[in-house]
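Undergrad: The chain contents come next:
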Amino acid sequence: MNFKSLKNIAAIAIIGMTITSCARQVTRINAENAPDISGNWNVTDSKLVAEEMTKSVTSSKWLPNHLEAKAGKKPTIIVGLVQNKSHEHIDAETFVKDVEQSFLQNGTIKLVQGGKKREELRAEKADQQDNASVSTMKKFGLENGADYILQGSINSIVDSHKRNKVVYYQVNLELTDIQTNEVVWIGDKKITKAVKN
Amino acid sequence: MNMSDSLTRNQGTTLQQTYKAYDWYEAREEKRKLRRETNYNNSLYNNSYYGGAYFYPTMRFNNFGYGNYGRGHWRGGFGYGW
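Protein sequence lines correspond, in order, to chains H and G. Numbering follows my numbering, in which position 29 of the first sequence is assigned residue number 29; successive positions increment by one, without gaps. Numbering follows my numbering, in which position 77 of the second sequence is assigned residue number 274; successive positions increment by one, without gaps.
Do not rely on the hints blindly, as some may be mistaken.
Ranges between beta-carbon positions, derived for each pair [what the hints assert, rightly or not]:
| id | chain 1 | residue 1 | chain 2 | residue 2 | range |
| --- | --- | --- | --- | --- | --- |
| 1 | H | I178 | G | S203 | 16 to 22 Å |
| 2 | H | K162 | G | L231 | 43 to 49 Å |
| 3 | H | P35 | G | L231 | 30 to 36 Å |
| 4 | G | L231 | H | Q170 | 32 to 38 Å |
| 5 | G | Y237 | H | D188 | 44 to 50 Å |
| 6 | H | I15 | G | R229 | 34 to 40 Å |
| 7 | H | K74 | G | E223 | 45 to 51 Å |
Below, simulated DSS-like cross-link-like pairs (lysine-lysine); rule was C-alpha separation at most 27 Å, straight line [to be verified]:
| id | chain 1 | residue 1 | chain 2 | residue 2 |
| --- | --- | --- | --- | --- |
| 8 | H | K189 | H | K97 |
| 9 | H | K85 | H | K193 |
| 10 | H | K162 | H | K85 |
| 11 | G | K217 | H | K47 |
| 12 | H | K193 | G | K228 |
| 13 | H | K165 | G | K217 |
Think of the hints as simulated: they come from the structure by calculation, not from any bench. Think of the CB as a built atom: it goes at the ideal place given N, C-alpha and C, for glycine as much as any other residue.
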């Protein structure tokens, strides 16, 4: 092996090391142990809200009261709008889906689709009127009407001075009887964070 | 589209009505960024063909904006409007 080939090997090794040392590293982490990086709303906050709401909504008195008043008929819920009035972009679906999941796991609560998903279902039904066989075609006017609507809001207060910041988030979800407008349950989760830059 | 359609279309979504909170640290970073941009733009201006004060620092004064024309040419240390 002459000196020139040794030089080439060394050059390739150096280039290879440089490329691998600059490569981005990605590691899968458990959502339970997600670190706080910027101090903004993150997966841990969403998880805390989901846990609190799930626990509260399924153990609250509204459910036994409904079952008693309606002779054991399961309540049907539709998910309405959540207003994010905080200072950060937060998508409530990250925790509302967990609440919806808890309804279904509970077994005593029924859930119906709303919004664009319901529009899609109706469009599919309309399509079936022309294209599906009569025996499999789904009819209009047989949807389950919701008894309750789940709505919510996210609010925040920011207090900052120099490098210190305290952020307070308040997430509220509420369940309202569609027939009577009576609010039967309000769940809330308050999170306060101290951030030092 | 009637009113009920427009209201129910957004069911299950999050309506973003966010506000901008004052953050001292972020405001400082923004000010720094703005200052850097201003300094960069000024340096571009000073190095341009029609020139600023890069080659002739004293010429930016007392010519009331008329004497800068043609100062990109070196005239033995004196500009056109000097």
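Undergrad: The hint says 16 to 22 Å between I178(H) and S203(G); measuring C-beta to C-beta, is that right?
TA: 18 Å, holds
Undergrad: Does K47(H) lie within 27 Å of K217(G) when you go C-alpha to C-alpha?
TA: Holds: K217(G) and K47(H) sit about 25 Å apart, inside 27 Å.
Undergrad: Honestly, do K162(H) and L231(G) meet the 43 to 49 Å range at C-beta?
TA: Since the Cβ atoms of K162(H) and L231(G) sit about 19 Å apart, the hinted range of 43 to 49 Å is violated.
Undergrad: Kindly confirm whether 32 to 38 Å is satisfied by the beta carbon distance between L231(G) and Q170(H).
TA: Check passed, 34 Å falls within 32 to 38 Å.
Undergrad: CA of K189(H) to CA of K97(H), is that 27 Å or under?
TA: 16 Å, holds
Undergrad: Between P35(H) and L231(G), does the C-beta distance stay in 30 to 36 Å?
TA: 31 Å, holds
Undergrad: Just to be sure I understand the hint, the distance between the Cβ atoms of K74(H) and E223(G) should be within 45 to 51 Å; is that true here?
TA: 49 Å, holds
Undergrad: Could you check the hint for me, namely that Y237(G) and D188(H) are 44 to 50 Å apart, CB to CB?
TA: 48 Å, holds
Undergrad: Under the criterion that the straight-line Cα-Cα distance not exceed 27 Å, is the pair K165(H), K217(G) satisfied?
TA: 14 Å, holds
Undergrad: Does K85(H) pair with K193(H) here, judged by a C-alpha cut-off of 27 Å?
TA: 18 Å, holds
Undergrad: Does the structure keep K193(H) and K228(G) at a Cα separation of 27 Å or less?
TA: 25 Å, holds
Undergrad: Between the alpha carbons of K162(H) and K85(H), is the straight-line distance 27 Å or under?
TA: 24 Å, holds
The structure does not agree with numbered hint 2 stated previously, though it agrees with all others.
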